[in-house]
Amino acid sequence: MDAKWPVSFPKPIVTGTRIYYGASFLAALAVSFPHAVLTPILLAKGLNLSQIALVQVFYSLAVFLFEIPSGIAADSLGRKRIYVISKLLLAVFGVLVFCVSSPALLCLAWFIYGVSNAFESGTIGNEAILAVRKFCRGSGMEPGKTLHYLVRLDARCETIGLIVGGLVGSAVYPFVGDALYLWVAVAALFVVLFVQAAFRLHAEDFEQEKTETLAARTNMAGMFRATISEAIACLKDASIRRIILVIAVTQIFFQVHFQFWQAYFLAEGVSSRYFGIVYVAFQLISVLVTFLGASAVGRLRSSRTLKVVFGVVAAASLMVMFTGAEASLAAYLLFVFGFWIVVFYSDAHFRSMASEESLSTLTSVSSAVSRICSMLTLGVIGVVLRFLPVTRVIPLFFLVACLMLVGLYAFTGKRNRAAR
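One point on numbering: in the working numbering, the residue at position 294 of the sequence shown is 294, and numbering is uninterrupted.
Source of the hints: derived by calculation from the structure; they are not laboratory data. Computed from a predicted model, the values in this text were never measured in an experiment. A couple of the hints might just be wrong.
[Stated by the list, open to error] When the alpha-carbon atoms are kept at most 20 Å apart in a straight line, the in silico SDA-like pairs for lysine to any residue are as follows:
hint, residue 1, residue 2
1, 45, 182
2, 45, 183
3, 45, 175
4, 45, 103
5, 45, 273
6, 45, 174
7, 45, 271
[Said to hold, decoys possible] Okay, the calculated beta carbon distance ranges per label pair:
hint, residue 1, residue 2, range
8, 92, 45, 11 to 21 Å
9, 267, 197, 44 to 54 Å
10, 238, 268, 36 to 46 Å
No residue lacks a Cβ here, since even glycine has one placed at the ideal position from N, Cα and C.
The task is simple: from the sequences and hints, build the whole structure.
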């Protein structure tokens, strides 16, 4: 059975979590308006696929540079304040993309978008997770099932926002063009108003958080050293290192899929007017994965189950490369489903392993490592796309990601058996 909200949870925890999930839905809605038609928008601005990859490198570079500082700032200056700043930066990004067309300025825009994304991570979402886990442990309750439930609920709220935004954006794109990015700016400002109003209406529930934030702010330098030291200490745990490496390798899948699926489908003869439907299909796959119960996620830790999952996604990537258009599109969906299982398991397992004190910083460390992998991936893709068509590049990188995960689990599994 999935864990539900116990009636005994304090009002501040329930209120804060509901505010976060509302903000998560609205933020996903804001960023997703252009998602289903991103490649056509950038191609219309005169970019080629290699330049699109370069633009995304600047996004990942910004996340890499600001991820760890953002986690520390969130812990010291207040997670809500950093979250609001991230949405204001998102609004600036939307206006800039609408106003410019040169590759250099678009790289700047996506750099700002990366800073926004970095500031968002480890903010009010982690606040909700930490509050629930602290209460469960203080009450003698097991937090594992509740946390898995919250992770799934978070993913569902975000996915619903992505589906609605993607559908609306793809439907109105023929009429408004790149003005969709003005929609992004307006929606981001609405998220700011929502969060500010919601927390103000329930200000009495968060007085303790304000006091803790003020205390932390007075010792920011000491907190910086302490959080870095704690993160290094936590990274000595082989299980945490493995999960972070798994999350990093999944960036190969994420970058190839999210940045180039539209180019792949265009090359396979799919009209851009169907991209909204395809986008929804991808989001529904991620929702389907979130319905895996905590026990099912736990069973993924067995080497036999992982071998089956990796075997399926490896076969699907080969089918994408060597079959006809219809079969390759079906295989593409199968690959995405298999990889989302790995992604969901890794995220849920990582959140349950990190300590309360280090969750924000370890989240930032994990993201920074992931961004290094994503920048390398995008850089290599940008070069390879000069020599191979996108219909070959995508399945090739899918296969590489799968083989790297198999090798990672095989190597760490061998070391664990040797340690015993």
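ask   = What hints, given by number in increasing order, does this structure fail?
value = none
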